[in-house]
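> As they're listed, the protein sequences go chains A and B.
My numbering applies: residue 1 is where the first sequence begins, and numbers increase by one.
My numbering applies: residue 538 is where the second sequence begins, and numbers increase by one.
Just so you know, these hints were derived from the structure itself, not from any lab.
One or more hints might be untrue.
Selected chain A positions facing chain B (Cβ under 7 angstroms, derived; list incomplete) [to be verified]:
| # | residue |
| --- | --- |
| 1 | N154 |
| 2 | I310 |
| 3 | F356 |
Heads up, the beta-carbon is just placed ideally off N, CA and C, and yes, glycines get one too.
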Amino acid sequence: MSVIETTDVLVIGSGPGGAIPAYRLAAAGAKVVVLERGPWLETQDFEHSLQIGTYTRIVDYITANGVSIVAGNCVGGSSVVYFAAALRAPSFVFRRRDASGRRIWPKSFTRELLDRWYDVVEHTLPVAEQTWDDVPYAGGVWAAACHHAGHTCNPVPLAVNLRECTNCNWMLNGCRFGAKRSMLLNYLPAAQAHGAAIRPLHEVQLISPAVTPGYSYAVSYTNVDATDYRLTTGAGVIEAKVVIVAAGAVATPAILQRSAVTLGGLPRAVGRYFSPNGDRVSMAVLDERKLHEVLKLERKPGVAYEAFPIGKPIGSMTYDYLDPKRRAGDRYGLQQIYFPTITNILSEARPGGDWFGPGKERLTDRWRSWLTLLAMVEDGNEGVFGTPPPTGAFIRVDSAAALSLLTYHPTARTRKAWARSDRAIKSIIEKDRIGTHLDWSATPNALTAHPLSSCRIGDDPAISACEPTHQLRGHPGLYVTDGSSVPTSLCVNPSLTIAALAEQASRHIVRYAHQVGINVHTDQTPPPGSGSLHHPK
Amino acid sequence: MSLTRRQLLWLASIGATGMSLVDAVTPNSDAADARPSAGPDGLTSDPLTMTIEAFADTLIPGHKRYAADYAVAGVSHQAGAVQAGALPFMRFGPVGVAPALPAFVAALDAAAVAYIASHQTSVDPTLPPFVGLSYHHRKAMLDHLLNGKKESGDEQLFWFAFAGLVFLAYHTAGYLPTAKAVRDGHPGLKAIGFPKPDRDGLWRFPDFSYRRKLARRHPHTTPGGNPR
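Pulled out of the complex, with its shape left as it was, chain A reads as follows (with noise of 0.2 angstroms):
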């Protein structure tokens, strides 16, 4: 008998790329253990607090070289610290072509295709349109703006309970409410109901060939300490006959690129075409004054909007720029959000700097008629990932901060359509002077909490680094299943297309899972209900 712990399917990180598998294996009948590298924090755990050692728990901020990235990391992953808009990707996305003229996306994938599978992550979720009852004031004005200027404005799905949201606005520190769906209301909790083991602080290191006959590969872990990120408490090893990573678009690739050898060679796009989902963040400093009389906007008596900090961080979104008769490459999308003030740093005062001193301290006092803005362009996938650190994803710092050794220089083509999203977003924000459009940085450099497309799903091995049922090439049994696998920007928030994609993916997995001998049915498994999990106090 063997001393190595086994089971059938290893699952690497429990957002949605690997809640949905979990799920879906350990409902099919598998003997499923889920890995996840950050603490388990339940919906009581939630703190209203920007006191560091709060949200510093569960969100990570990865510094690199020309791009930054927020990122989640606890159970649940990034779907308990996102702002769970819940969008479909544009037809056009699924035909987008590289600066070469090459095919990205694999053949197959439309968005007819998808939207079987965006309906069932729809239900399951489940996902709420909002109504202009439900958008929040910074929705509505920028709702009005596009108005004003001759554009239409939606409001944004989102993965929330709207009866059960109290509008707090701080959904980066994880839902207090329990009305954020975030996978620790649906999938994880039928995933362990259906006998998944979800294991937090166990970050994965390694992954290399198996030794127990029957089994593929064998994962390797560290168990990572609950106060101190930086600490290892243990390490073990699991073995299994499929390994699905979903460690993030930043963990993923590093997990994957230290196994290159023990797996005897990985796919040249592991850790290539990186994308921070075209992000672009800006902002707007609104006239009250000119919002009451030229938008006719008022929230009480005599104040029209002084309500920056109100309501839902995502409210409402023009689609009009996503039309996909446009130029490749001139297709945006264009959302109000709302960032938490541990961002304030950026806002600067005046085009092309200030961002300290009186010019800053008088904008700061009109915080309150800030709009933040945030486009999604088409970008180049220009990001590739240095060798790996020796453990981890990244070099941490403290238990929130990490550096990457990412390189994301944007092309000259994804700095232009940064320049026409921009142009856009002014020419509504400063129609008859409503508003000041401000840089958020006026550096070229991208902030994002989208990562994407570092270990890419496609039809063509020399762009991408799986096939398009998601498993890695030349490497049966192993497959990527989150953002990672994603091949391009969306021009929307990613969150459902990863959800889609990895319920589609799961459907493969389990097919290949009956074929090498593991007892499960490949019926499909009805979707979850709602439910909570139950937390190994």
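Guided by the hints, dock chain B onto chain A, whose structure is given.
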């Protein structure tokens, strides 16, 4: 590597970045020899405190706290980063930067000495060099350190890390539970108009929406509210 304050924001928020860089900094004895300033009720400020406060006050200016307040330049009529707790934030344990503060001050003073020499400006020799500069010169010097195109790499990372701490002290009161900070009138949160929590320390906004249609939806919107 190329560094911007956006990249460095979070590193700054934690501050530990400075820890790996402090060894490269040569301590400057000028600050240690400077006289302490006298505050009300016999309160004294040591050179390290004064220098950190002057740095914070340059980024987010405030009013002078007392007549002989050399650290605060007094170019603002409202409370600034010093009053908002920049120093207690930097000394807050979970931030992890407290051991690096002497080296930070030494580096800032060294940069100030170089600035004074190159700009042929005169300062009060009894004050720490950076504290001795006027606000105009303090800001010009930090502009060079934080925005100068010639400045790059680890050195700029070092300055941005500490600038980030100042902003977090003012804009988040990150050394305090936020509900308590708001209730107690934390100057930064008060200045920006951070909303007040409910009695249980949690935020809820029953009134959050204009509750009316403010734009036409895109004509090709799907029944679920998505783009096509």
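> If a hint holds in the structure, say so; if it does not, say that too.
Against the structure, the hints come out as follows:
no.	hint	result
1	N154	5 angstroms, holds
2	I310	5 angstroms, holds
3	F356	4 angstroms, holds
Checked against the numbered hints above, the structure violates none of them.
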